[in-house]
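Asks: Chain residues, written in single-letter form:
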Amino acid sequence: MSIRAVWIITHEKGEHVSVRFSRRFPTVEYRAKSLAGSSYQAVPEDSAVLQLLLTELGLADPGKPYVAQRDDCLNQQRTPALELHVDSSAKGILWPVLVISRGPLILACLPLVEAGEPRPPLSSLLSVSQGLTLLEGLQSFLGGSEIKTDGDGLAPRLALMPSVLQQVCPLGTPLDVPQARAPSTAGVPAAAGSPRQPAWRTGQHRGRPAVNVALTETVRCMQYGDPSKQDLWDVYGTVTCKCDVEGVLPNVTVTLALPPNGSPLQDILAHPCVTSLDSSILNASSVDDGDGSAFSGPYKFPFCPPLEPFKLCSYTSQVPVPPILGSYQLKQQQEVNHLRVSVNLKLHESVKNTFEYCEARLPFFNRVQMSTVDVKVSSGHLDVNKEKNLLVWVLGQKFPKSREVTMEGGIRFSGQLPGPVDPLCTDLTAYIKLYFKVPDLTLSGCSVDQHSVQVYSCAKPKIVTCRALQSKEYFIWNSTGPAPVSSGQMIL
Amino acid sequence: MAVSWVERVASFLRSPSRFLASTTSEVFLVELLREQRDERVTYDVKLTMLSPLCEHPTLLCPSACTGEETCLELMSVFSHCPPKYTEFRCQLLLTLTTVLVSTGCVSAHSHASRDFLELLLKLAQDTYYDPADLPSAPRSTRAAACECLRELEACCPGLLSQHLELLNGLRQQENPRHHQALSGLYAVVLRNGVHLLARQAGAGPEGLKALLGGNAAVAWEAEPESPAQMDRVAPLPSVLGPSGLGPTLQTGPDCKELRSVLSSLLEESYLLTPLSQAALLHALTEVVAMVSGVSPAIFKAQLLRLLGTSKVCLFHCTLLMKAAFTDSLFSAEDEAFLLKRLVALCQHPQMSPAAQLFYTDCLVHFPENRPIGAADGGEALPVLFTRRLAACLVPTVFDEPATMLARLNVSALVHLEEHGAREEEGGGAAGGGLAYLWDHLLLRLLHVVEHGGDRAGVVTFFRASFLFLCHFGHVARYAADLRRRLCALYLRHSRLAPHVLNLADRAQDGAVRPGWAVALLRSLQGAAVSAGVDPGAVSQEDLRWHLRVLARVAEEGQIGQGGTVDFLFAVATSASPASRNEDWRLGSDLLAVCRHLLAHPGLDALLCPLADVLQHVARHHGDTDVRDHARLYYSLLTTLSREKLAGVLANGGGGANGGRQDNKRALSAMVVESQDLTSALTIHKARAPVFHLVAKDRAGGWAESTPAPEDDDEAAAAAGTDPGAAGADVLSSYRSQLLSSASAAEISLAYELRHLDAAGPAGFDRLFSLRLHFEPSAGRFAAPADVCVPRLFREGASAPPPAVTLTLRPRAPYPGTLRCSAVFTAQDELTWHAALPDVRVAFRQLFKPLPVPASWGPALRLRAFEGLWDEFCDGGDGEGGGRTDASPDRASSLFCGRLGEAELEALLEEHFAPFRVADPGDATGHRVLLFLPPRSHVLLRIRPQEDAVQFHVATDNWRLLPHVNDFLLSITDWEARNGVDS
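From first to last, the protein sequence lines are chains A and B. Note that the first sequence covers residues 0 to 491 in our numbering. Note that the second sequence covers residues 46 to 1027 in our numbering.
Think of the hints as simulated: they come from the structure by calculation, not from any bench. Owing to the predicted nature of the structure, the values given are computational and were not obtained by experimental measurement. Virtual Cβ for every residue (Gly too), placed ideally from N, Cα, C. Treat each hint with caution, since some may be false.
Stated by the list, open to error - Just some of the chain A residues that point at chain B, by a computed CB distance under 10 Å:
(1) Ile99
(2) Pro103
(3) Gln129
(4) Pro271
(5) Val372
(6) Val374
(7) Gly480
(8) Pro483
Only chain A is shown next, with the shape it has when bound in the complex (with noise of 0.2 Å):
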């Protein structure tokens, strides 16, 4: 349950790259070599380690096509814990290395096995369990997703590090993983001879009590138009808090429900200070057809809110019609560079015309530039990006009152610079993709009643609540062309 050593490596594209931040835990190694036995392999220095590491990840030797130890079609990479192969010998192997590679960032653990020969299945190991975990939260304490590695965020994050895991793995064991922000200032800490007090919770709140709570609702989406081939879309929800409460150990409960009709709720995940929860939330799942028992709410989740804020719990839900419905039709015109393009997308009645944004894009991959754009759309605008490549067609806050837009026309691409390359979208596969964001709607008809929040404490605190719907990778195809098919609900 120990992990022997850490790494955080930067890179652009495969370039520069370099360890930034290394950590090893030799008494966590000193159990490794005793319990491996002559198997034990020693963790080379870190310039090795970095190598290694960059050809399994095939990161290494970028300029070159093909490299045996890199491309070998036998390195199936199908776990997260990769096998460095520190010498030729069967035995210098390190394993599992845990990498989580996110934009220019790698992070890298490797854990402790706590048995000898023959390797034990990952999947019996808890340390790798702990080392995803452990790794998962310092990224999101390095800033996540939109880190630059030269950028203002890193270097000095990188900097709390030593100090940062002196805290929360002091000598290899994960106890916790680092808080992105500083706890808050409010805090102070419980006195001696209060009840216990939860390890996430460092302290009590003082100040004007309040409690937030959002529901986000996000949907996925596939639409072909095409008889051959089944729409799909999905739904998933999140509900984050915020709860400036007082108390060592207060308790809120806050309840989710569903309209009469609504489909439950469905492979529901709660933060681990949720104290108790029922057997029939857990029940419905996404991955079978449900057992008709049709538990719908409501949803009650008793916690113990941390001080920072944090995601109380997540669902997936199945509704019966995606938000816009759209179809796309493009057209090969006799002149080669010549396109026909016909859209059309209507917003369901379900669905509130509201938006804080919307707009559809159609980029045109494997293409020249465009040269003459002669669309005509029947509401909102369309712009042309700087590289002629990417048509937006900004729909603004409102659909018409019809619900249903369309756009007609043809574009000519006989432009001097080659466009952008997607090997996925050849010919006439090609899709538009939808970003948009209801305020104050979901599709499951989820929400939280702001008096169905209740908080157990002295003084009645402020509660808010809010709930947005918004799109994520919602892809109308082409329909004259083909598309590549991404379920397998037609399997069945």
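Using the hints, position chain B against chain A.
Replies: Positioned in the frame of chain A, the structure of chain B alone reads:
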């Protein structure tokens, strides 16, 4: 100063080996510890300076003894550090733990570890509430002390078993701050205690009771000699391994104490952070798994909370409990629920890609209540994993490569069963799932590759193809289709040849139905050959890929090579473009194919056309090297029988059976592959010395007495001196000829070159063309010339080991060492570089007789001796005035040794024979004249007294006296010892 320390520490941590190359670990450690005591250094800097010890303790403290001393030093730093520097104090405790454990100091005999453990227990019990101990401040010293105790217990199990009651008391104290640290510590100590107890034969409920109630005051103090506590136990492996459960403790149903402790730990477990909670639950799972008297149902109350969690480590804990307790904690319904939950997590949009991958791995190792297959830890899907569940994990082209491959693997496992069932039913048609994987995954990925997908896309396609083949290689329809498509892909993008060949190699290595790889290679041959119908139309780059593919195809004995030879002929004779005929690389690629063809079993049929190709290349190619090789191959082909040819080429890495992985080289294979060529041209470094120099005669050996060459006489004559003439100044004539004699300043040492030990690393038994290089230390000698040795064989009994004569030109007459290295060719025909053990040149090895021409008789030598003696013993008193050439460093001394008459004779014979100066007029005394290059002299007058021998020493270099003294001491001592022994 402070900045430089921070930088030095950073540079040490970046690469300890490079850092320590410029200093030594002892020096660095001393410096680090000194700075810790320096009051001018801030605690921030001191904190940074602990990190080298914290991360590389064994480099800085290589022995237990240094570790112990360092710990004592650091503990004294701790005692002097004001409490307000909490972060520094915590780091100091962590460092101390690290050093103690890593250097193996944790034992009752170590003062440092006794004191440290006492300190930690004191700190852990310290309930003093420090108002400065704000939550935002770093963790308190008390929590750090608990962590240190936990780590000590983990590394030395049972260390704290005697303190369970104390720790339990601390845990239940009403101070909320350190609940987590104390609970974690308690759980580990309990787990280790139970584990050790369970390993003892005959341990039962009493043992458990004693364990839980154990309350020694402070470790080691009560019973410092107690061996039981101090027996250092190796860290304990997890008892929840795949190889079944660990030891169990038979307690009967009566374990009230343990049950109550477990319940109280579990009840409060949700107050811990997820990571600590997971560790606690895991430790308790192990305890319950080992104690038969406690029912796993004790975890029941926690399960719902754990099943609903969003944290990977907590859910994983549940799976581990499932593996440990199976149906005693999870009913069949629970199992189905858990599986559904796991599948949902494998694709939950809120899970990170790494977590999804991990869950997918858990799925193929799902701990079933009643497993029916794959008990060997291999991958298998649980019985309850239905097609409906599988549909959720179907791979798509939108997935990240790792996720896609993991899901492809799962889907393949599902459809493999399904397909197998259908075949049994006699349907034979592939299922819809398989069709999906083919149409919507593999063909899509192929589409990406064909349309300019990047390197990652290409690699992913080939990995997916390999995985697909591993599972469905037996489904003829898809296997054949994939083969055709790969061929077509290769024809359009021949740069993908290495990937295609890699796939063929891997498929042939066994995972895929036999024959597929050969069929693929046959198709590739057809593709390449068809492209060569008009070689002029093929680009240079493509042509080279075709040749490489054909070289690989030619390794397959089952594939006919007629087409290949025709292709080669077309390429060799193609006139355009003209530059092609000059291209060495293209020529070598072509010859590589020929070379493989020479080893092909079907060579007889190819004889004439292949000879035509080789002859054409040998005559018309623009590159001399290529022509030469072609000529060699041509003569091999036309003169050797097929068997002999195969024998010659078998050494060279050809052969049909996996020769491609063989890295052997032969001279005739020089151009086979550029990679081999590079390897042959590189000097490889041997890790350890292979051979060493052994002095030819006893004890380091005398310098070979170099007889003064004839020309020295001439030189003497040329200098216009004839020492033979009476009255001539012997000394000045000696000195003048010394100046002109080159050989006088040299010593020759005789060595033998031998292997270091009887059985060293393989491949170094027969070495050739050894070139020894010497590097003198500290400028004692002029750099000697390299020495060449033609060969060195290990089976040296038959042949004498090669002799090495080392000629040294000392710059000063003192002993020294020579660093020695060698470059040589080993059996593998690679060039190697190896260091040899240092060669020490001892003082006695510098001795030479007086360097005078052979024409000098004994009388002249005696005169020279007397002259020198007088000169050296005249002393610096100035009375000997007029001599201008008297050395200012001259000195005389007296050494006495306890030796008998006979012993003295033996000593003189053994050590001074070549240097004695005979004096017919003095029967009792002996004279010895040692010349030490470049120009120093040591003169000895040895005179036996009653029971001792006096060595009167005179020299022109007083710095030699200590060496002379040591030398005399060693030989007389030796004699003395020898006397005692006999």
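Asks: Determine which of the earlier numbered hints do not hold for this structure and return their numbers in increasing order.
Replies: Going through the list in order, the structure violates hints 2, 5, 6 and 7 and respects the others.
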